[in-house]
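Working from the sequences, and respecting the hints, build out all of it.
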Amino acid sequence: MAWRFFSFLSKIKSSKTLNPNVNPSSTKSPFSTSFLVTKTPKSLKKKRKPKPSPRTTPVQTQPNRIHELERILHRDALLRFVTRSKLFLSTQPEHVLRLDDAGKLHRELGFPRGRKVSRFIRRHPLLFQTYRHTDGKTWLGFTDLMEDLLAEEHSLMDSMELNRVEKVRKLLMMSARHRIPLSKIHHCRTLFGIPDDFRDRVSKYPNFFNVVIDNDRRRVLELANWDPLLAVSALEREFVVDEDGAKRKFSFPLKHGKGLDLEVDDKKKLDLLNALPLVSPYSDGSKFDAWTLEAEKYRVGVVHEFLSLTLEKRASIHHLVEFKEEFSLTKHTYEMLRKQPRAFYLAGTEMNWAVFLKDAYDRNGVLIEKDPQVVFNEKLYKYAQVDEMEPGSDDRVEEQHLS
Numbered sequence: 071m072a073w074r075f076f077s078f079l080s081k082i083k084s085s086k087t088l089n090p091n092v093n094p095s096s097t098k099s100p101f102s103t104s105f106l107v108t109k110t111p112k113s114l115k116k117k118r119k120p121k122p123s124p125r126t127t128p129v130q131t132q133p134n135r136i137h138e139l140e141r142i143l144h145r146d147a148l149l150r151f152v153t154r155s156k157l158f159l160s161t162q163p164e165h166v167l168r169l170d171d172a173g174k175l176h177r178e179l180g181f182p183r184g185r186k187v188s189r190f191i192r193r194h195p196l197l198f199q200t201y202r203h204t205d206g207k208t209w210l211g212f213t214d215l216m217e218d219l220l221a222e223e224h225s226l227m228d229s230m231e232l233n234r235v236e237k238v239r240k241l242l243m244m245s246a247r248h249r250i251p252l253s254k255i256h257h258c259r260t261l262f263g264i265p266d267d268f269r270d271r272v273s274k275y276p277n278f279f280n281v282v283i284d285n286d287r288r289r290v291l292e293l294a295n296w297d298p299l300l301a302v303s304a305l306e307r308e309f310v311v312d313e314d315g316a317k318r319k320f321s322f323p324l325k326h327g328k329g330l331d332l333e334v335d336d337k338k339k340l341d342l343l344n345a346l347p348l349v350s351p352y353s354d355g356s357k358f359d360a361w362t363l364e365a366e367k368y369r370v371g372v373v374h375e376f377l378s379l380t381l382e383k384r385a386s387i388h389h390l391v392e393f394k395e396e397f398s399l400t401k402h403t404y405e406m407l408r409k410q411p412r413a414f415y416l417a418g419t420e421m422n423w424a425v426f427l428k429d430a431y432d433r434n435g436v437l438i439e440k441d442p443q444v445v446f447n448e449k450l451y452k453y454a455q456v457d458e459m460e461p462g463s464d465d466r467v468e469e470q471h472l473s
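First residue of the sequence shown: 71, per this note's numbering; consecutive thereafter.
No lab work stands behind these hints, which were simulated from the structure alone. Every value quoted in this text rests on a predicted model; they were computed, and no experiment measured them. Warning: the hint list may mix true and false statements.
[Unchecked claim] Taking lysine-lysine pairs in the DSS-like style, the calculated list, with each CA pair at most 30 Å apart, reads:
hint	residue 1	residue 2
1	Lys449	Lys237
2	Lys440	Lys452
3	Lys186	Lys174
4	Lys394	Lys357
[What the hints assert, rightly or not] Pairwise CB distance ranges (calculated):
hint	residue 1	residue 2	range
5	Lys112	Pro442	55 to 65 Å
6	Asp170	Arg150	14 to 24 Å
7	Asp170	Asp214	16 to 26 Å
Glycine included, C-beta positions come from ideal geometry on N, C-alpha and C.
This is the structure in structure tokens:
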């Protein structure tokens with residue numbers, strides 16, 4: 071039996087030497103190559119370009135960018151702490167907040183998560199201050215200058231109350247079933263210059279508003295009476311003044327067969343016939359089929375009228391999404407607005423964009439018609455960028471421009 075075993079082993083050895091498919095690296099080598107570097111150094115590796123992300127991809131390409139409008143969004147980002155902290159602290163007792171609590175409210179106060187709130191307080195010494203209370207804790211509050219500005223703004227709100235009531239009435243007339251939850255109006259109140267206590271002020275106007283409770287136990291503002299004088303859009307008023315300009319502003323290309331063999335000018339004339347009239351934003355949008363031309367014209371008109379009611383003739387995607395159900399908007403609103411570059415300008419990134427009414431701004435990115443609240447906000451922003459103010463320097467601050 072032993073000789074059979076040794077003959078079997080000899081056959082195995084001979085088969086290894088004769089088989090060409092055997093991996094030679096599996097056999098032992100008298101020389102070791104473990105000391106050789108077989109990986110490419112990081113410095114010599116080709117850097118892979120990051121995949122484009124909607125979070126960082128700009129809406130506009132470089133040749134089409136309007137830098138003056140893009141800078142407005144950049145200004146808003148720089149002053150987010152000022153605007154949000156002003157709103158939040160104004161609702162607190164005595165307009166103060168313990169600094170330890172403020173450090174946890176990054177979303178409410180408008181500073182990045184993980185940063186120290188004291189760093190942002192020091193950027194605006196004319197508006198915010200910290201002080202040591204009798205309890206031994208450090209508190210955040212407004213300066214005397216900021217308190218005076220808040221009093222001025224409150225007086226401005228009172229003087230503009232009827233104008234804001236009219237804006238809300240128009241919003242209700244545009245909305246489905248002429249109803250909007252009060253929480254949505256409150257959330258977007260700064261967009262239209264609506265005061266913080268508007269939910270309490272509506273009781274003064276029973277001829278205009280009703281407050282009802284819906285099935286979700288929400289307080290809903292309801293239109294009491296329809297006013298045909300208010301059911302006139304900004305586009306309709308513009309059409310009366312400049313019919314040709316209004317027609318050129320929008321484009322709804324008409325699909326036609328190649329057999330027509332139309333020239334470029336003929337195509338433009340055919341599309342122009344299809345552009346107007348737009349469907350009134352004060353009509354019932356729910357009756358249109360979702361993907362018809364009439365429905366798209368209605369949605370374009372709704373967005374245009376919505377922006378015309380805002381203080382700065384612009385809004386972010388978050389504002390539009392807030393009223394998505396009320397205005398019968400779809401998830402394709404972004405693509406819809408991109409097809410109307412003469413009327414709208416989209417700025418920011420694909421995930422966080424804002425839409426501007428182009429005709430409301432001049433070539434320098436300045437609003438042509440400014441609401442009193444906009445004038446006040448610009449003054450507040452100028453104070454926010456001044457580190458120190460000498461006596462009698464109010465006029466100098468007023469003349470400064472945002473950097």
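Now the hints, each set against the structure:
In summary, the hint linking Lys449 to Lys237 is supported, as the alpha carbons are separated by about 24 Å, within the 30 Å threshold. The hinted pair formed by Lys440 and Lys452 meets the criterion: a straight-line CA distance of about 16 Å does not exceed 30 Å. Taking the CA atoms of Lys186 and Lys174, the gap is about 9 Å. The hint holds against a cut of 30 Å. As the CA atoms of Lys394 and Lys357 are separated by approximately 16 Å, the hinted pair is consistent with the 30 Å bound.
Our hint of 55 to 65 Å for Lys112 and Pro442 holds, since their Cβ atoms are close to 59 Å apart. Taken as a hint, the range 14 to 24 Å holds for the pair Asp170 and Arg150, whose Cβ atoms sit roughly 22 Å apart. The hinted window of 16 to 26 Å between Asp170 and Asp214 holds, with their beta carbons roughly 24 Å apart.
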